[in-house]
Amino acid sequence: MTIQNTWGWLVAVYLFLGGLGAGAFVAVAVISLATGERFKSTVRFGAWASAIAIGVGTLCLLIDVGKPLRALVLFRSFVHFGSWMTIGAWLLFGAILFDGLFALFWTEPVLQWVGARWKFPVEQRKAFRVILAVLGIFINLGVAVYTGVLLGAPQFRPFWHTWWLPALFTASALDTGVGLVTGYATLGERSEKAYALRNVLEGCIIVLILIEASVLYLYLSHMLKASPDAVRSAELLTSGALRVPFWLVVVGLGLAVPLIVCVTQLGGLLRKRAAVVVPLIGLVSCLIGGWTLRYLVLSAGLPQMLASPALEQILQGVKFIP
Amino acid sequence: MAKQYGFWIEIDRCVECYACEVACKAEHNVDLGIKWRRVTNVWSGSFPNVTFKTISLSCMHCEKPACEAVCPTGAIKKQPDTGAVTVDQTKCIGCHYCFFACPFGVPQYGKSGAMEKCNLCVERLAKGQEPKCVSTCPGNALHFGTMEELSKMAQEKAAKKLAASTQPSVIVSK
Numbered sequence: 083m084t085i086q087n088t089w090g091w092l093v094a095v096y097l098f099l100g101g102l103g104a105g106a107f108v109a110v111a112v113i114s115l116a117t118g119e120r121f122k123s124t125v126r127f128g129a130w131a132s133a134i135a136i137g138v139g140t141l142c143l144l145i146d147v148g149k150p151l152r153a154l155v156l157f158r159s160f161v162h163f164g165s166w167m168t169i170g171a172w173l174l175f176g177a178i179l180f181d182g183l184f185a186l187f188w189t190e191p192v193l194q195w196v197g198a199r200w201k202f203p204v205e206q207r208k209a210f211r212v213i214l215a216v217l218g219i220f221i222n223l224g225v226a227v228y229t230g231v232l233l234g235a236p237q238f239r240p241f242w243h244t245w246w247l248p249a250l251f252t253a254s255a256l257d258t259g260v261g262l263v264t265g266y267a268t269l270g271e272r273s274e275k276a277y278a279l280r281n282v283l284e285g286c287i288i289v290l291i292l293i294e295a296s297v298l299y300l301y302l303s304h305m306l307k308a309s310p311d312a313v314r315s316a317e318l319l320t321s322g323a324l325r326v327p328f329w330l331v332v333v334g335l336g337l338a339v340p341l342i343v344c345v346t347q348l349g350g351l352l353r354k355r356a357a358v359v360v361p362l363i364g365l366v367s368c369l370i371g372g373w374t375l376r377y378l379v380l381s382a383g384l385p386q387m388l389a390s391p392a393l394e395q396i397l398q399g400v401k402f403i404p
Numbered sequence: 022m023a024k025q026y027g028f029w030i031e032i033d034r035c036v037e038c039y040a041c042e043v044a045c046k047a048e049h050n051v052d053l054g055i056k057w058r059r060v061t062n063v064w065s066g067s068f069p070n071v072t073f074k075t076i077s078l079s080c081m082h083c084e085k086p087a088c089e090a091v092c093p094t095g096a097i098k099k100q101p102d103t104g105a106v107t108v109d110q111t112k113c114i115g116c117h118y119c120f121f122a123c124p125f126g127v128p129q130y131g132k133s134g135a136m137e138k139c140n141l142c143v144e145r146l147a148k149g150q151e152p153k154c155v156s157t158c159p160g161n162a163l164h165f166g167t168m169e170e171l172s173k174m175a176q177e178k179a180a181k182k183l184a185a186s187t188q189p190s191v192i193v194s195k
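Heads up: the sequence lines are chains V and B, in that order. Per my numbering, the very first residue in the first sequence carries number 83; after that it's consecutive. Per my numbering, the very first residue in the second sequence carries number 22; after that it's consecutive.
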């Protein structure tokens, strides 16, 4: 069985890290807007993680193209704004900039260094943080949605050409991003009210996993009823060559395990003996599931078999895809 | 309306000699493994009534090229004077996005990393010559001209214009 491999694992890493970074930023930006400086170590962690994840993801994208150095010169190479890739490239640039700046504004030594050289009152610093958080949420949500729109734009890949795909990738982005922040809040946050933050985040993850699972179900059931080409792609995942990683890793590790972990954590089960191991398992399995979801959706993106009715009369079922 | 050049392929005149493919490779010095024009055998039927037809295809130079629409760099352009869809290799970043957009699997990527494909021999057109594949075809199976000319020429044959939403500039006949 053939699978799509022109865009391979590196592009999947980008789609995953772009979503992860975007989700983590949205999570910590909301935390910072809602609680101020109470959980500053979590916010700092999430901000740096999002900037690094989106940066590394973009690097993977650059390595994958045929002319990386040329692609690096953004203002010369990404000039055709009718293309979603152009919009995405500038969104990525904006996200790295905003997430990086936001991270710097939450890093004490940097603030001290700036404070020692220029007048930078605390009120101004707070205002900057709020502005960066609010604008950053929009840009990062844009990045999360864009990872799906990039694949969805080409018309002749029926498995990708649907709004369900950006919906799925956005849900997964928020799920993995909030998961990463929760992992830190559970294992690294030393603030007094850390347990409250953890509980709220775990509740969010449960909701996000349920949303992601529903979107995944609706996406696949929609595709299984669509054109024969879309069905071929969808069946690769549900019952074909990719069924084992799909059911075991995407559904099992990516959705079921984190859901069980969050429910047991919230329910107060296992809290003492497995305080470190269980959340860690939940986090790692959620991240593995997130990457595998991107990789499998990429692999299953088969081309539309194009045989125009007019031509079919002449060639009796000719297929033009090599 | 500006001119739209294209190809007419007469399948019953093709002897599967691959001269068009070779002429194209030699004319444009195309890398090993890359084919701007492809001769393909299309099999049909089932045993014992199996048959095949040979067809020579290149870029379809669509009237509404999907590759041009998705190209982030603007390297892919539809030329207004000939209707040729060309790629500026000094602008292309080799992102493969056009490969996913094209319904015919035309864009290919050589050693340079940039996309390459049939350019309708625009440099020969400028000198008033036909594309090299057409002038080389020994059986007159490949024809070149504006779509109006080709439609007229192909009228007597059971010819059909390739149909896709991108509106390919290719006519095929038995």
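Simulated from the structure, these hints should not be mistaken for laboratory data. Each hint should be verified, as a subset may be incorrect.
[Stated by the list, open to error] Distance ranges between label pairs, derived from CB positions:
#: 1; chain 1: V; residue 1: S296; chain 2: B; residue 2: D109; range: 22 to 32 angstroms
#: 2; chain 1: V; residue 1: L292; chain 2: B; residue 2: F73; range: 50 to 60 angstroms
#: 3; chain 1: B; residue 1: Q176; chain 2: V; residue 2: S309; range: 30 to 40 angstroms
#: 4; chain 1: V; residue 1: R199; chain 2: B; residue 2: Q110; range: 41 to 51 angstroms
#: 5; chain 1: V; residue 1: L154; chain 2: B; residue 2: D102; range: 45 to 55 angstroms
#: 6; chain 1: V; residue 1: L154; chain 2: B; residue 2: D52; range: 47 to 57 angstroms
#: 7; chain 1: B; residue 1: K24; chain 2: V; residue 2: L154; range: 37 to 47 angstroms
#: 8; chain 1: B; residue 1: A147; chain 2: V; residue 2: L179; range: 50 to 60 angstroms
#: 9; chain 1: B; residue 1: D52; chain 2: V; residue 2: G197; range: 52 to 62 angstroms
#: 10; chain 1: V; residue 1: F157; chain 2: B; residue 2: Q188; range: 30 to 40 angstroms
#: 11; chain 1: B; residue 1: A147; chain 2: V; residue 2: V155; range: 49 to 59 angstroms
#: 12; chain 1: V; residue 1: T84; chain 2: B; residue 2: K195; range: 24 to 34 angstroms
#: 13; chain 1: B; residue 1: K98; chain 2: V; residue 2: G137; range: 55 to 65 angstroms
The beta-carbon is built from N, C-alpha and C at its ideal position, and this holds for glycine as well.
Hint-by-hint comparison with the structure:
no., hint, result
1, V:S296 <-> B:D109: 22 to 32 angstroms, "violated, 45 angstroms"
2, V:L292 <-> B:F73: 50 to 60 angstroms, "holds, 53 angstroms"
3, B:Q176 <-> V:S309: 30 to 40 angstroms, "holds, 33 angstroms"
4, V:R199 <-> B:Q110: 41 to 51 angstroms, "holds, 48 angstroms"
5, V:L154 <-> B:D102: 45 to 55 angstroms, "violated, 34 angstroms"
6, V:L154 <-> B:D52: 47 to 57 angstroms, "violated, 25 angstroms"
7, B:K24 <-> V:L154: 37 to 47 angstroms, "holds, 38 angstroms"
8, B:A147 <-> V:L179: 50 to 60 angstroms, "violated, 45 angstroms"
9, B:D52 <-> V:G197: 52 to 62 angstroms, "holds, 58 angstroms"
10, V:F157 <-> B:Q188: 30 to 40 angstroms, "holds, 33 angstroms"
11, B:A147 <-> V:V155: 49 to 59 angstroms, "violated, 31 angstroms"
12, V:T84 <-> B:K195: 24 to 34 angstroms, "holds, 30 angstroms"
13, B:K98 <-> V:G137: 55 to 65 angstroms, "violated, 32 angstroms"
When the structure is compared with the earlier hints, violations turn up for hints 1, 5, 6, 8, 11, 13 and for no others.
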